[in-house]
Amino acid sequence: GNSVTQMEGPVTLSEEAFLTINCTYTATGYPSLFWYVQYPGEGLQLLLKATKADDKGSNKGFEATYRKETTSFHLEKGSVQVSDSAVYFCAFLPTSGSRLTFGEGTQLTVNP
Amino acid sequence: DTGVSQNPRHKITKRGQNVTFRCDPISEHNRLYWYRQTLGQGPEFLTYFQNEAQLEKSRLLSDRFSAERPKGSFSTLEIQRTEQGDSAMYLCASSAIAGRSRRQETQYFGPGTRLLVL
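Heads up: the protein sequence lines correspond to chains A and B, in order.
The letter at position 81 of the first sequence is residue 81 when you use the numbering used here, and the numbering goes up by one with no holes.
Positions in the second sequence are counted from 1; adding 1000 to them yields the numbering used here.
Excised from the complex, chain B in its bound form (with noise of 0.2 Å):
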């Protein structure tokens, strides 16, 4: 078991370019969540998948924010025309989930991608 894995770590990039990150998941996790945190703040949440098809999404995430899950396995967040606002933490987690057994999931973090705008 690898863990979550995240990718880039940081990345600094200036107002108005697009930027995309990846998560892996912990292999045969058939959900995977995207959440931001900033500064001295919990994480939110921003989106999740199950398996390739996503499921709910957070107002947070504007029609700047994608993220897709081809194949049900990694998962990519692009953010189009980067804003200040946008800097934060980037956290992808994931879960294993089958029928009724809800009350036992548990999210697994990956390290993060820390975004600077400038």
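Extracted from the complex, chain A is given alone in its bound form (with noise of 0.2 Å):
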């Protein structure tokens, strides 16, 4: 069935080092994907997406490229900052249906 696996947290990272969070999904066909972004007691905010293959979705420095070769979503920050510390959700939305599928979240802890 359909699935996202994502990389394990927490992450602990210190100001201004590189960050990448793996991302990889199962699903038949051509998904869209996501990255959204959850501060503590909010709700989810899109980060970046990229609808298809070798597409690259970039916001606020973070990038991400479609790679169907992999079935990967991989995200990337060359320079992390404390305000980037949050959990990290990659997701889907399947070729037919409606339903996004998410990751378990990685948590991101960036120390000045």
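You may find that some hints are simply not true.
To be verified - Pulled from the structure, derived: some chain A residues nowhere near chain B, Cβ distances all over 12 Å:
| no. | residue |
| --- | --- |
| 1 | V11 |
| 2 | T12 |
| 3 | E42 |
| 4 | K56 |
| 5 | L100 |
| 6 | T101 |
| 7 | E104 |
| 8 | Q107 |
As the list claims (entries may be wrong) - Coverage of chain B stretches by chain A, computed from C-beta distances (three or more under 8 Å per stretch; other residues unrestricted):
| no. | region |
| --- | --- |
| 9 | 1033-1042 |
| 10 | 1063-1069 |
To be clear, the hints were calculated from the coordinates, so they are not data collected in a lab.
All values reported here derive from a predicted model rather than from experimental measurement.
All C-beta atoms in this analysis are idealised placements derived from N, C-alpha and C, irrespective of residue type, glycine included.
Assemble the dimeric complex from its two separately framed chains, guided by the hints.
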């Protein structure tokens, strides 16, 4: 069945470090892929998305590339800030159907 | 664009009581979704509406749960005879979809309603 596997957390980095959070998915066809971010006590905010193979989504210094051959959508940022501390969720929307399928989330803590 | 709003933000209730949550989607978004998120997990789909029609329900949505969107605008989610296992964050999302543009659909989430059943 459809599923998303995310890199297990928690992840702790120092400010200005490089970030990678791995995400792979299992789905048929060509799903749309998303990264959402959740700050403590809040709902989910869309961070970036990609809708077809080789698309790169980017926002606020974060990037992720839709890799159809490896069914992956890894999140990267070159230099993290303390304000990036949050939980990050990878998700996909299948080719047919309208329910988002989420990974379990990766807690990121950035220390000054 | 005021975003998706949800009320209340927090609800504490005793087991066996009924609770109702409200979601106001982004203006003119024709799709509205409900998800449930338990601690340390990603959100799980419950149900969704296109305009006033409820098009899909998850098997997670037991017969104690009912959702409505009577005029195709705001939606309510009611839980009857609450159980401790219902404690979770209930998230609402909305999207705009027209014609064959499914691939461009993006769901925007509200702040959630956190339910605690004692």
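Cross-check of the supplied hints:
no., hint, verdict
1, V11, "holds, 15 Å"
2, T12, "holds, 17 Å"
3, E42, "violated, 6 Å"
4, K56, "holds, 16 Å"
5, L100, "violated, 6 Å"
6, T101, "violated, 8 Å"
7, E104, "violated, 5 Å"
8, Q107, "violated, 9 Å"
9, 1033-1042, "holds (count 5)"
10, 1063-1069, "violated (count 0)"
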